[in-house]
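Let the sequences and hints guide you as you build the complete structure.
Protein sequence lines correspond, in order, to chains A and B. Note that this note's numbering has the first sequence beginning at 1, numbered continuously upward. Note that this note's numbering has the second sequence beginning at 316, numbered continuously upward.
Everything labelled a hint here was simulated from the structure, so no lab data went into it. None of the values given here were measured: they were computed from a predicted structure. One or more of the hints may lead you astray.
[Unchecked claim] Some chain A residues flagged as far from chain B (calculated, every beta-carbon gap over 12 Å): (1) Ala16; (2) Val17; (3) Ser37; (4) Glu71; (5) His100; (6) Asp110; (7) Leu122; (8) Ile128; (9) Trp195; (10) Glu222.
[As the list claims (entries may be wrong)] Result set (DSSO-like, lysine-lysine): computed pairs, CA atoms no more than 27 Å apart in a straight line: (11) B/Lys326 with B/Lys473; (12) A/Lys226 with A/Lys307; (13) B/Lys326 with A/Lys40; (14) A/Lys156 with B/Lys326; (15) A/Lys127 with A/Lys40; (16) B/Lys535 with A/Lys157; (17) A/Lys157 with B/Lys473; (18) A/Lys156 with B/Lys535; (19) B/Lys326 with B/Lys535.
C-beta: ideal position from N, C-alpha, C; glycine also.
Below, each chain spelled out in residue letters.
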Amino acid sequence: MWWKILLFFWIAVLSAVAIVTPIAGTLGDLAGVAQWSETKMIPMRFTVTDRGGAADDGGWLLRGADEDGREADFHFATRPDGLDQAEGYLVLARYDTEEHRVEVAEILGDYPAFAFPFIPGLEERAKIIFFHVPMSWMTVVAFLVSMWFGIQYLRKKDLEDDFRSAVSAGLGLLFCILATTTGSLWAKFNWGSFWNWDPRQTSIFVLLLVYGAYFALRSAIEVDEKRASLSAVYSIIAAATVPFFIFIMPRIMPGLHPGSADDTGSGPVFSSGMDAGMRVVLYSMLLGYLVLYAWLMRIQMRLHRIKLKRADVAL
Amino acid sequence: MIRQAIAIFTKDLMSELRTRYAINALLMFVVVTLAVIMFSLVGESLSPGALTGMLWVVMFFAAMSGLSRSFVAEEERGTTMTLQLLASPMSVYLGKLLFNLLLVVALNIFIVLLFLLVMDQFTVAQPDLFWTVMLLGSVGIAAATAIIAAIIAKANTKGTLFPVLSFPVLLPLLMAGIAATKVAVEEPVWDNALPELQMLASYIVVVVTVSFLLFDFVWKD
Numbered sequence: 001m002w003w004k005i006l007l008f009f010w011i012a013v014l015s016a017v018a019i020v021t022p023i024a025g026t027l028g029d030l031a032g033v034a035q036w037s038e039t040k041m042i043p044m045r046f047t048v049t050d051r052g053g054a055a056d057d058g059g060w061l062l063r064g065a066d067e068d069g070r071e072a073d074f075h076f077a078t079r080p081d082g083l084d085q086a087e088g089y090l091v092l093a094r095y096d097t098e099e100h101r102v103e104v105a106e107i108l109g110d111y112p113a114f115a116f117p118f119i120p121g122l123e124e125r126a127k128i129i130f131f132h133v134p135m136s137w138m139t140v141v142a143f144l145v146s147m148w149f150g151i152q153y154l155r156k157k158d159l160e161d162d163f164r165s166a167v168s169a170g171l172g173l174l175f176c177i178l179a180t181t182t183g184s185l186w187a188k189f190n191w192g193s194f195w196n197w198d199p200r201q202t203s204i205f206v207l208l209l210v211y212g213a214y215f216a217l218r219s220a221i222e223v224d225e226k227r228a229s230l231s232a233v234y235s236i237i238a239a240a241t242v243p244f245f246i247f248i249m250p251r252i253m254p255g256l257h258p259g260s261a262d263d264t265g266s267g268p269v270f271s272s273g274m275d276a277g278m279r280v281v282l283y284s285m286l287l288g289y290l291v292l293y294a295w296l297m298r299i300q301m302r303l304h305r306i307k308l309k310r311a312d313v314a315l
Numbered sequence: 316m317i318r319q320a321i322a323i324f325t326k327d328l329m330s331e332l333r334t335r336y337a338i339n340a341l342l343m344f345v346v347v348t349l350a351v352i353m354f355s356l357v358g359e360s361l362s363p364g365a366l367t368g369m370l371w372v373v374m375f376f377a378a379m380s381g382l383s384r385s386f387v388a389e390e391e392r393g394t395t396m397t398l399q400l401l402a403s404p405m406s407v408y409l410g411k412l413l414f415n416l417l418l419v420v421a422l423n424i425f426i427v428l429l430f431l432l433v434m435d436q437f438t439v440a441q442p443d444l445f446w447t448v449m450l451l452g453s454v455g456i457a458a459a460t461a462i463i464a465a466i467i468a469k470a471n472t473k474g475t476l477f478p479v480l481s482f483p484v485l486l487p488l489l490m491a492g493i494a495a496t497k498v499a500v501e502e503p504v505w506d507n508a509l510p511e512l513q514m515l516a517s518y519i520v521v522v523v524t525v526s527f528l529l530f531d532f533v534w535k536d
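Quick look at the structure:
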């Protein structure tokens, strides 16, 4: 019982952390943005090193340092609130290349201890990684588990293994639909269209088709043993051809997802270049989803046993 | 085993030649599909690349409409049991695979020749590469559809289930095949299609191996 409560809080807290944690850039990010836009504002955080004084235009000028230790002048329209106590700020700002100072448009809050890095082109939208990526991984995990129990059925001819295989495929289909819809909604806002046949979109689409075909096959066979062995065989054949889509093609073909062949390391690729905080949240979320999947499997299996018992009683 | 396989292959071939069930239906299917494409393209000028896609669509659906015959016919005639008693599963699979192979290769040669004949805009830059891709693609289609046909022969809704189950399994082959054909049609360099050719070859090896290992479970009741 306790672990279910723990799981619930685990996922809830991580989701809250993922959503609430601010995105905060550095002076380097500001300079990068200033190269292609003069008006674009991004969130950034800095610590105050010198409280400064009133500027010529009636605003306020102070000196601050970002987390990399680089210093710059920060220009505010009015004297910032609570300046005497503040150690730092989270602000919405842009870099003024003519005045060589940071123009602050709005103070968003105090210096946040924990923030996700600013990623050009993704910004707040980068947070989808905490939901979309675990869902996609669970899709694949559920598929592999389904195939594993399919193999177990072929070896031992135990119908319970077949049921495990089917339940896992059902959960995989659920995660697959969730990953596809979240990904495609996100793609509309980040890439401009719901679907653009990026290699990874192709791969999730193929998985969706495989799951669909698997259940179409199951519903077309009436004898339990026949259904079990045929669907197991089909999932193994699919598993032999589909990994090509999931693991190989997204990495050798140019595409929009991180890790594609033409990716130069700008995106949050898992192993390298990803912020430590983001990685911790992502991996914890993955763990949470994994336990959630195991829990759903258990519920389905218990339901199955109860149904079997009732069928026995009825006979 | 090989002798048994060849015997099953000859049996299928003979019964096909006597009834001409699959051949007639497939030839009509190809002619009708091409006619529909030509009707819809009157006055349009399409690039050879776009026509390559059409060619593969015709090839895919022609395969889907005829290739499940070999196993479904055994179920329908009620001869599955006899075959199970007389021949080993391996030789049944091999015989059916050979028959499917012959059927697909003949069918695809017919489709391609007809396509070249009626589509003026479809010109091939490298005929040798083009025919290599067609041959490898046909072998791949035959290998993948043989085991799927064996599976769906046991199911209730055979006709509709076949393309549904085949498409995800065939997709790697289709993508590589289409890409390689595009190279053969548009570019004069053989090496550009090398990764796709390797993929086609490895796909065939993987599918045939997996089918050999699993056919036992599908075939035995």
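Evaluation of the provided hints:
Distance to chain B confirms A/Ala16 as a non-interface residue, since its nearest Cβ pair spans about 38 Å, more than 12 Å. Consistency note on A/Val17: stated as away from chain B, and its beta-carbon is indeed over 12 Å from all of that chain's, at 37 Å minimum. Against chain B, the non-interface label of A/Ser37 holds: every CB pair exceeds 12 Å, the least being about 38 Å. Consistency note on A/Glu71: stated as away from chain B, and its beta-carbon is indeed over 12 Å from all of that chain's, at 51 Å minimum.
A/His100, annotated as away from the interface, keeps every beta carbon of chain B farther than 12 Å; the closest lies near 50 Å. The beta carbon of A/Asp110 is kept farther than 12 Å from every beta carbon of chain B, the shortest such distance being approximately 52 Å. Look at A/Leu122: its CB is around 29 Å from the nearest CB on chain B, clear of 12 Å, so calling it non-interface holds up. Every beta carbon of chain B lies more than 12 Å from that of A/Ile128, the smallest distance being close to 26 Å; the non-interface claim holds.
In this structure A/Trp195 is separated from chain B by more than 12 Å, as the shortest Cβ-Cβ distance comes to about 16 Å. At roughly 7 Å from the closest C-beta of chain B, the C-beta of A/Glu222 falls inside 12 Å, breaking its exclusion from the interface. Between B/Lys326 and B/Lys473, the direct Cα distance comes to roughly 23 Å. Compliance with the 27 Å bound is thereby established for this hinted pair. Taking the CA atoms of A/Lys226 and A/Lys307, the gap is near 21 Å; set against the 27 Å cutoff, the hint holds.
A distance of roughly 75 Å separates the Cα atoms of B/Lys326 and A/Lys40; the hinted pair therefore is violated under the 27 Å criterion. Note on A/Lys156 and B/Lys326: the hinted pairing is violated, with a Cα-Cα distance of about 35 Å set against a maximum of 27 Å. Between A/Lys127 and A/Lys40 the alpha-carbon distance is near 20 Å, which keeps this suggested pair within the 27 Å criterion. Between B/Lys535 and A/Lys157 the CA atoms are separated by roughly 13 Å; this keeps the pair inside 27 Å, and the hint holds.
A distance of roughly 25 Å separates the Cα atoms of A/Lys157 and B/Lys473; the hinted pair therefore holds under the 27 Å criterion. In summary, the hint linking A/Lys156 to B/Lys535 is supported, as the alpha carbons are separated by about 15 Å, within the 27 Å threshold. Of the pairs offered as hints, the one joining B/Lys326 and B/Lys535 holds, with about 21 Å between alpha carbons and a cut-off of 27 Å not exceeded.
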